[in-house]
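K.L.:
One letter stands for each residue in the lines below.
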Amino acid sequence: MPASRASPSILQAERVSVRFGGLRAVDDVSFRLECGKILGLIGPNGAGKTTLFNALTGYVPLSSGRVTYLGSDVSRSPPFERTRKGMGRTFQIERPFEGLTVLENVLIPAFLRFPGRGDAEAWAGECLERVGLADRRKQLSSELNLARRRRLELAKALAVKPRVLFLDEIMAGLNPPALTEMIEFVLSLTLDGTAILMVEHIMQAVVELSDHIIVLAFGKKIAEGTPEVVTSSPLVIEAYLGGVDDA
Amino acid sequence: MRIINFSHGDFVVIGMYTAIVLYTQLGWDPLLSLLVALPLGFLLGVVLERLILSRLVDVPEGSTLLATLGLSLVVQNTLMLSFGASPRSLNVAYGSATVNLGPMTLSVIQLVAGGIVLVVIAGLYLFLNYTERGQAVRATSQNRLGAELVGINTRSVHSLVFGVGVALSVAAGIILIPQLFVTPVITGPVFTLKAFVVTVLGGLGNVWGAIGGGLLLGVVEVLGAAYISFDYRDAYGLVAFLLILLLRPEGLFGRTVKRV
Amino acid sequence: MRDVAHDGRDRSSEDYSSENSAGRTPADRGDPILQIDSVDLGYDELLVVSGVSLEVYGGELVGLVGGNGSGKSTILRAVSGMIQPRAGRILFGGRAVGKGSPHQMAEMGIAHVPMGRQLFPNMTVEQNLALGAYLPEPRKHRAGSLAHVYDLFPDLHGKRKVVAAALSGGQQQMIAIGRALMLRPKLLIMDEPSLGLAPRLVKEVMQAIRLVSQTGLPILLVEQNVKQVLQISDRTYVLENGKLVVEGPSKQLMGDEKIRRAYLGL
Amino acid sequence: MKRFSGSLAQLALFIAVGLALPLLPGTNFSLLITLLLFIGLATSWDILGGWTGQTSLGHAAFVGIGAYALALGTNRLGLDAISAVQLGVGVAVLFALLWGSLTFGLRGSYFTLSTIAIAEILRLAAINEAWFTGGSAGLFISSLPEPFGLDLFERRVEYYLALVYAASVLACVMWFASGRFGYEMRAVREDEAAAQASGINPTRIKLRAFALSGALTALGGGVYGAYLSFLDPHNLFFLPLSVQIALTAIIGGRGTVWGPALGATLLILPAELFRSVFAEANLLIYGLLILIVTLFVPRGLIGELERYLLRRRYAREQG
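Residue numbers (my numbering), protein chains in the order written: chain H, 1 to 247; chain Z, 1001 to 1260; chain E, 2001 to 2266; chain V, 3001 to 3319.
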């Protein structure tokens, strides 16, 4: 896809850093995300992807830098406030509300946009329909298998009507047909202008989906660009294959 | 081991009644009862851990609290059915004997109690630092997975720790009963609360912290009683407890637990 | 899931059948200490690892590498008896690995250097090491083992009275390896020892592993860091999406295009 | 809306039984009043402890606040009975908000410990400020105003008051159970981080639940005060009462509409009936039951039943 500079930026990170004690888990990372675009966040294990993800969604405080969403500074906003503004997220380890049914799980975020039970239930049903869980609405969420829990996570994130969606490794552990299905589904989400930031290890998915990729290693952004550019960058290959330096 | 044991004080009470029964029925001196009660208390602790607490490993942390609360109610009310509600105590022959140490007059019982406490502290210290089992206990409390990987059966460590805890509580009751009155229902919670206060003051999982916390609680209660109001003596410890919980949850002397 | 017409970016995944050619274990090495025999592993309805075979022979340093989610840690869980294979079998010293707690694995003679090191933070370096010889058999040789560990890692000797939490990440990794050696194991398994370490320290740790391997102890090294593993190991297995894609002598695999594919999906 | 009309029918049945019971010959009013009060108190506790998942073992403090507000408000401040109870409820709300904003940062069991400490401090205050509270000796309510000409010392009147109280608390829980607030509380209980991702402010929900729970408990304390007519700080503010309220709800099934009520029925009736046998050891049965429940029925009786019904209904729908 051609990069269009004209389209408005929905999310912007400026020189974001997160330190834990002496450790710089995320070090001076900046990027922009535009409407309807997909940004892939990759890097070897322990590179700081999850920390950056949590810093953007408010679960980990920034040490310095700024996160701007639709022009307003959200760097200090708690997670629930970011959700209300339209930043939706999934959790890497699926977190259904275990004692509740599938429908009730989606009802909870749906209440955010529809305070009345009837409307909320209709909207929750619609979200379940989209992820293909409509027939399981009355099942206990704790009894779903991994692939369906993953979809439930997505339905919950969609129910808050996000303008930008943060997806945390939603492809992991899926078998090839389910993976293909999920890739198509994620692509469909951007049709209405929703922007997506995804942390992903399955390279096939990242490469197929992303408009733009950021590569982290040791907390720093070491490369960015289109999938083709990034995956052929010697620096990235080096980081992935673990060339520290050539002994 | 980070189990909040609600029945802690009730084992103190069990110790007290044990001493009373053995003294009145068999004429045993509390010090003699101590020798019998320590191993039995240990055994009781191990059995309870195996029967109840060890089954509550993969459940929300609140359930261990509820289970020990249930245990506490069972112990209290069983004692109530057996001994009635009226306060009891134990008058030993040397109960009123005193010793003069320079300007201070100390009762023999308090001296003996103090001596036993010192022995127990020294014993615990030696156990934790200089025995294999003691090292295994410390290792388990610092990193359970790491302990398993070097071959420590952490489940049996948990039983051991609970057993020692119960044995020491029972012992404390036996030592204290000549100076105190005991009732089946009220006494236990009072001791449980004090134990919570002491451990929170000192920091969980830390023997020196527990000792420091104990001393601090004593000082806070005495100073508060002397300079603010005697009536609120029991409240000062609780206020200190709340302040520490809110401001410094790792305890006054606790290190921030680092994961390595 | 709703069907969406999409622009044909889908790339049919190629068939990565493993080439069991070069580097096949020579028959003269006797029986393997660890033998994983075409296992299928998974949770619930999910199959994470399928048809994986892997052997570690006496004195070998074997690498098991793959990107995140490739199934490395699932294989480790199976070797340590935490999950049972659905198909195939896992033999340690000729005996099937049963279901059990981690401490039973230690009793069998498998030492594990876990991800994240899992040290005892408020104990000294020497106390950490000494606990490695907690079981009765290794305890008899504690003093000798300790001398051996200090011999391998002289830095630790200088810090033996310091609490583990105060040491650098690299040194903590040495303690974890040293603690595992104190068990006098028949097999050493290491899970991502380079994780979270700065580049300079990664090299240090890798050299330490090489050093341990030279004492003749068989090692299974599970890592994401392919390049480092290829440099120090004798043989390497590469996993992708729960299947072996390449295996062979590490020297022959350096620069292998399939490894790059396995990691970058290209 | 079908759900809600279903619960209305249940509530109507509850009230009907409540109205019918005094018509039976030889009604033991004391027993029934205690039962109704505990249904209300346990259900109130459950708003915080069950629906929101914050185990409090200090709810006796709210019972004490309600009872003392009635006694002191009428006898010392010259208020009428209704204003005095309102005062107690108001104090309870303020107290809960203050208490909650201080302690909700604490995790799990630490929160529970702090509730014990706070209730205990309040008890010591009630004992020691004798000039106001009557102190350790307790407070005898010698006279009460007669709102609407009702004699608050008459057992039959107290019974209907207790019935109104229990029914109101149940109605309140039914009202939020299927609506937004109920789900927000359950989300906070299950997983605070995930609740935030649904746009929920967990602290705010917990404070609301605590205020509501404290207010309804204090209301019950007011009725309890009139029933007892002798206020003993060693009972009203003390840990055993808190424990009794909490365990009643947990055994019956926390976070369910009828769980606490069932718990109260199963526990209060035998305990009161066998009071002569067990004398003051009546909490023995609580101890045994809570052990059994934590080990074998972790969701409580109604909780496990609901789960079973959900599963069966789902299985049946799937064919």
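Read the hints as simulated data drawn from the structure, not as lab findings. Cβ coordinates follow ideal geometry from the N, Cα and C atoms, glycine included. Some hints could be false.
What the hints assert, rightly or not - Label pairs and their calculated CB-CB ranges: (1) Z:1231 <-> V:3143: 23 to 33 Å; (2) V:3090 <-> Z:1215: 41 to 51 Å; (3) H:22 <-> Z:1247: 41 to 51 Å; (4) E:2073 <-> Z:1054: 20 to 30 Å; (5) Z:1231 <-> V:3090: 46 to 56 Å; (6) V:3015 <-> H:113: 55 to 65 Å; (7) E:2073 <-> V:3015: 38 to 48 Å; (8) V:3027 <-> Z:1040: 46 to 56 Å; (9) H:61 <-> Z:1112: 52 to 62 Å.
K.L.:
Take the hints in turn and mark each one as holding or not.
P.N.:
Evaluated hints:
no. : hint                          : verdict
1   : Z:1231 <-> V:3143: 23 to 33 Å : holds, 29 Å
2   : V:3090 <-> Z:1215: 41 to 51 Å : holds, 42 Å
3   : H:22 <-> Z:1247: 41 to 51 Å   : violated, 25 Å
4   : E:2073 <-> Z:1054: 20 to 30 Å : holds, 27 Å
5   : Z:1231 <-> V:3090: 46 to 56 Å : violated, 28 Å
6   : V:3015 <-> H:113: 55 to 65 Å  : violated, 37 Å
7   : E:2073 <-> V:3015: 38 to 48 Å : violated, 58 Å
8   : V:3027 <-> Z:1040: 46 to 56 Å : holds, 50 Å
9   : H:61 <-> Z:1112: 52 to 62 Å   : holds, 55 Å
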